[in-house]
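Participant: Take a look at the letters that make up each chain.
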Amino acid sequence: MAEEVKVFGVWGSPFSCRVKIALKIKGIEYEYIEEDLQNKSSLLLKYNPVHKKIPVLLHNGKPIVESLLIIEYIDETWKDNPLLPQDPHERAQARFWAKFVDEKCLPSLWKACWAEEVERETAMGEAWKNLELFERELEGKRFFGGEAIGLVDIAAIRIAFWINVAQEAIGVEILNKEKFFILWNWIDELLGCSIIKENLPPREKLSAYYRTRAAAAKGSK
Amino acid sequence: MGEVEVKLLGSWMSPFVRRVQWALKLKGVTYEYLEEDLKKKSPRLLNYNPIHKKIPVLVIDGKPIAESPVIIEFIDDMWKHNPILPIDPYERSVARFWAKFIDEKLSNVVRMALFSEGEEQEKAVKESIESFEIVERELFKEKTLIGAGEGIGYLEIILGSFCTWLPAIEEGAGFKVFDSNKFPLVNKWMTDFLELSIVKEDLPPRDRLVSYFQQIRHFVLATKK
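As given, the protein sequences belong to chains A and B, one line each in that order.
Heads up: the first sequence is residues 1 to 221, going by the working numbering.
Heads up: the second sequence is residues 1 to 225, going by the working numbering.
Here chain A stands alone, though its shape is the one from the complex (with noise of 0.2 Å):
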């Protein structure tokens, strides 16, 4: 049966890079379509009425949104290089950490890579907090998912490449070398993996948006 997989997203996010690199490690070939998030395609806002965000998984024309539920669909629909572990206790700690990720590390993260003057010392320490609970969980494996990479890796790349193209264009360092060494091994095993290096946005792209964000941020002032 011949397979229709078409994944709309934007060059710079990390959630429709999350999409192609599961479709990647699948070996699924798809048909990328690029949006504009100030013009959204008809299309879009077909498939994803609710939210109306990329990315959208397209799958024999059925739709599928948010990241994370789009690689469990994806995972569920093609059985091969599992992004998620076996054991029903595993798979559950897979996906408390996923989720861990989304809403708990990258908006504090966040928070402290943008954060002003006065509140960095706060933001910087929620972010640490998190951060030391999140390496934790790497203790003694390569990646999150063991010796593949897995569904909380994939979730996470927010934080190896994101967070860290981010912080540098910005001038902090919130993903400190020396406190998080654990964690740095990780990121540079995973950004050394040719799938994930070959669906990352250019980095200078990304960095020059950035350093434009944090130039506007001053300017406000």
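Hint data in this document are derived by calculation from the structure and do not stem from the laboratory.
Virtual Cβ for every residue (Gly too), placed ideally from N, Cα, C.
Any given hint might turn out to be false.
Computed from the model, here is a short list of chain B residues facing chain A with C-beta under 8 Å [to be verified]:
| # | residue |
| --- | --- |
| 1 | Ile51 |
| 2 | Ile60 |
| 3 | Ile65 |
| 4 | Ala66 |
| 5 | Val70 |
| 6 | Phe74 |
| 7 | Asp77 |
| 8 | Met78 |
| 9 | Pro89 |
| 10 | Phe101 |
| 11 | Glu138 |
DSSO-like, lysine-lysine: derived pairs with alpha carbons at most 27 Å apart [unchecked claim]:
| # | chain 1 | residue 1 | chain 2 | residue 2 |
| --- | --- | --- | --- | --- |
| 12 | A | Lys79 | A | Lys99 |
| 13 | B | Lys224 | A | Lys104 |
| 14 | A | Lys53 | B | Lys105 |
| 15 | A | Lys62 | A | Lys52 |
| 16 | B | Lys53 | A | Lys99 |
| 17 | B | Lys39 | A | Lys99 |
| 18 | A | Lys40 | A | Lys53 |
Given chain A, put chain B in place with the hints provided.
Facilitator: Relative to chain A, chain B alone:
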């Protein structure tokens, strides 16, 4: 299959705990229930959920699982009979989508309304109503999506637990989000849901819940000042 030791840390007043209890009941799983005092969190709770320090926590042979949607998916993975989530991957993704929407755009926002006042509360109430409008308009489009009485599954558990608790929260905090005239499809669904024996049999008494939400609101607002 070997017996596993199952414990549930919870609180009588939590809709999130109730979700897990319904899921366990659907699977016919025996478990030990441990009531937690949230004003004075036990060492056992802090040990089992050090990250969020919240209930529910399901403990399987001493290993904890936290976050009610994660727990329910675990229960479904662990005990394969009487599936809670749909079998088809696309239908699963739709159920999970709406569960996430309900938790993020309704549960969380109503909690904000519960623990705020004035303009902040008005904003949260307005957002909750907008979320209900989306549910009314989009969730019941395909009849297969949700059908209380035909069987209670993942999405029914998530939406049902929230809707069952909502009237007590509204009364306890003194705001109104759910107008049954405005949301006839949700209202009909809710009425049918409340008739299910699994739901009816051990709901906490309404006045006890109302009193609880009044007190907790008072406490949180006083602490904010």
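Participant: Indicate, hint by hint, whether the structure satisfies it.
Facilitator: Here's how the hints hold up against the structure:
The beta carbon of B:Ile51 comes within 6 Å of a beta carbon in chain A, closer than 8 Å, and the hint placing it at the interface holds. Look at B:Ile60: its Cβ gets to within about 6 Å of chain A, closer than 8 Å, so that hint holds up. For B:Ile65, the interface hint holds, the least distance from its beta-carbon to any beta-carbon of chain A being 5 Å, beneath 8 Å. Checking B:Ala66 against chain A: minimum C-beta separation of about 6 Å stays under 8 Å; hint holds.
The beta carbon of B:Val70 comes within 5 Å of a beta carbon in chain A, closer than 8 Å, and the hint placing it at the interface holds. A cut of 8 Å between beta carbons decides the hint on B:Phe74: the least distance to chain A is about 4 Å, and the hint holds. For the restraint placing B:Asp77 at the interface with chain A, the shortest Cβ-Cβ distance is roughly 4 Å, inside the 8 Å limit, so the hint holds. The interface hint given for B:Met78 holds, since its Cβ lies 4 Å from the closest Cβ of chain A, which is under the 8 Å cut-off.
With 8 Å as the threshold, the beta carbon of B:Pro89 comes within range of chain A, its nearest partner Cβ sitting at about 4 Å, so the hint holds. Interface restraint check for B:Phe101: the shortest CB-CB distance to chain A comes to about 7 Å, inside 8 Å, so the restraint holds. Given the 8 Å rule on beta carbons, the hint for B:Glu138 holds: about 6 Å separates it from the nearest Cβ of chain A. A C-alpha spacing of about 23 Å is found between A:Lys79 and A:Lys99, which places the hinted pair at or below 27 Å, so the restraint holds.
This hinted pair checks out: B:Lys224 and A:Lys104 have alpha carbons roughly 22 Å apart, not beyond 27 Å. Distance hint between A:Lys53 and B:Lys105 is fulfilled; the C-alpha atoms sit about 15 Å from each other, no more than 27 Å. A C-alpha spacing of about 16 Å is found between A:Lys62 and A:Lys52, which places the hinted pair at or below 27 Å, so the restraint holds. Proximity of B:Lys53 to A:Lys99 is assessed by CA-CA distance (about 16 Å); at most 27 Å being required, the pair is judged to hold.
The suggested pairing of B:Lys39 with A:Lys99 holds, with an alpha-carbon distance near 26 Å, which does not exceed 27 Å. Note on A:Lys40 and A:Lys53: the hinted pairing holds, with a Cα-Cα distance of about 9 Å set against a maximum of 27 Å.
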